[in-house]
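Please build the complete structure, drawing on both the sequences and the hints.
There are 2 protein chains.
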Amino acid sequence: MSLAQKILEGDIRSAARLMRDIDDRMPEATEELKTLYPHTGRAHVVGVTGPPGSGKSTLTDKLIETFRAKGKRVAVVAVDPTSPFTGGAILGDRIRMNRHATDPGVFIRSLGTRGHLGGLSSSTADIVHVFDAMGWEVIIVETVGVGQDEIEIVRTAHTSLVVAVPGLGDDIQAIKAGILEIGDIFVVNKADRPDADRTARELENMIGMNHPGEGEWFPPVMLTVAQKYDGIPELTDKIIAHFEYLNTSGKRVEFEEIKSSLRFTELLRDRLFARVYQQISEDNALEPIICDIAHRRVDPYTAVEEILKKKVK
Amino acid sequence: MSLAQKILEGDIRSAARLMRDIDDRMPEATEELKTLYPHTGRAHVVGVTGPPGSGKSTLTDKLIETFRAKGKRVAVVAVDPTSPFTGGAILGDRIRMNRHATDPGVFIRSLGTRGHLGGLSSSTADIVHVFDAMGWEVIIVETVGVGQDEIEIVRTAHTSLVVAVPGLGDDIQAIKAGILEIGDIFVVNKADRPDADRTARELENMIGMNHPGEGEWFPPVMLTVAQKYDGIPELTDKIIAHFEYLNTSGKRVEFEEIKSSLRFTELLRDRLFARVYQQISEDNALEPIICDIAHRRVDPYTAVEEILKKKVK
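Residue numbers (the numbering used here), protein chains in the order written: chain A, 1 to 313; chain B, 1 to 313.
Among these hints, one or two may not hold up.
Any copy, or any two copies together, can satisfy a pair, since identical chains are not distinguished.
Here are the simulated lysine-lysine pairs, BS3-like style, with alpha carbons at most 25 Å apart [what the hints assert, rightly or not]: (1) Lys70 with Lys238; (2) Lys310 with Lys34; (3) Lys311 with Lys259; (4) Lys309 with Lys34; (5) Lys72 with Lys238; (6) Lys310 with Lys259.
Note that these hints are calculated values from the structure, not bench results.
Right, dumping it as structure tokens:
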């Protein structure tokens, strides 16, 4: 029986193995993913992003608890693209969430950077596919920061949560279009701190400027104190309401097409490059090109154009 | 006269125009860059990276001053890949550096994210080429954070400075191989704060674990208080010493080859994708593929493989 077949029968150890292969970029993983793909499209994928210190992990932890109480199986993909200076914090977060380790209805998978730009987003999508094909009902994708990488990753979730904290001060002015556009629900966490209402009001004003059309989802701003479980049931209900909105409004189909387009272009970019680069390497053409560029005998733009002429039909 | 020719004659307004075209990804920019490329390879490119709050911009500002006093023309490329939550800070920094605005021997160019993964690194390299071809002697590339994007960008500098501050606490334990590997000089800035020596010692221990070979550069840890100009002349001397080491040890050639290889693969990845994507779009083949993927009639991996079969010779 293939790995994919075992995974479709619910074997969690096979799923963990495939995820490791995905993370290690083993080419064999692709064949398994092909088998799994027709079984995807059922899960509710929830993205959680926000600046460091906003309490995303505690929030995720409490969301797991609430979805579990509703009888849903919850998978978490924790993504850390920023690696160098943040390694410590993430480890602590993972340990905190490990209280769910003995619950067979919870599966937490961490994904670190492999020093490969853009690759993390691709691995995350593949790992979400594995959980989805297995029939996990809720998949939470949590990222560490709010950089471009994180936005790209959270963009592929059905429901994206943007978490802020009171007293961001000047920072809140600096929240630009990029992050406002991806937020389906905004959360002001640690809302027992002063200025929580002001932060919520400022966020609401900024969202208001985006003017959703008639019948469109208007992103709410929710107040939570995740540590004390305050506001978590309401937030969970809102997350579920957003998924229902996608399904009943027909937006779900539109969303699947956008997501498919992003995934296709991302894969195309990666695989095209890998194929052509391998061919040049096998032809022993790589070294002379690099040498010519380094010694200014050819410019890199012309060198690449010549490769395109030779390799693209 | 072409834009590139005007730039080679030192016309700064033409340089600014080309940089805007590069930032806006105008295809015309490539032809100008081809003309400029043979004139590159003379500047000393200095990278500055470190976590937010480590005082990178003040440090850069003082380095400008010191290099100017030595009669060198200094260009700065300030890169901000993290955009959403940090916009405010960067603006303040730029204003601070603007005291050099009336000095024709200083040119500061900011580069923000264009919502395009990996594109920032490519634009930075092109802008460095423009300054280099014009004969600017020192080019400082400063990034906002220490994420993967920043590491990729600073990796292409001859001399990379990694800036830390005392009392990073747990964070310093979390500095991983990625950032240690790119650092040619480590700077503990704000060294009048308590624990500066301890932070320096910890950094030295971590670098010690990397064991450079005989005759190799051993990355020093320097203490500075940039605001007070403390340690800046010594740091500048060390930066110059590192460039001399590259030149006299023969490492410069090796470095140019690594840099050329990175630039070539990056351009190849971008242009290959752009070319093939455009062809598929023109064939009106894109929409049916996306639709098939969204409705699970084909998986994205197989769809991409079929494109490769058709488009790659």
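Here is what the structure says about each hint:
Taking CA atoms no more than 25 Å apart as the test, Lys70 paired with Lys238 passes inside one copy only; the shortest distance there is 14 Å, against 62 Å between copies. With identical chains, the CA atoms of Lys310 and Lys34 are at most 25 Å apart between copies only, with a shortest distance of 20 Å across copies and 30 Å within one. In this homomeric assembly, Lys311 and Lys259 come within 25 Å of each other (Cα to Cα) only across copies, at 23 Å, whereas the closest approach inside a single copy is 29 Å. Taking CA atoms no more than 25 Å apart as the test, Lys309 paired with Lys34 passes between copies only; the shortest distance there is 17 Å, against 31 Å inside one copy.
In this homomeric assembly, Lys72 and Lys238 come within 25 Å of each other (Cα to Cα) only inside a single copy, at 16 Å, whereas the closest approach across copies is 59 Å. In the homo-oligomer, the alpha carbons of Lys310 and Lys259 lie at most 25 Å apart only across protomers (24 Å), although the nearest pairing inside one protomer, at 32 Å, exceeds that limit.
Going down the numbered hints, you'll see the structure goes against none, and every one checks out.
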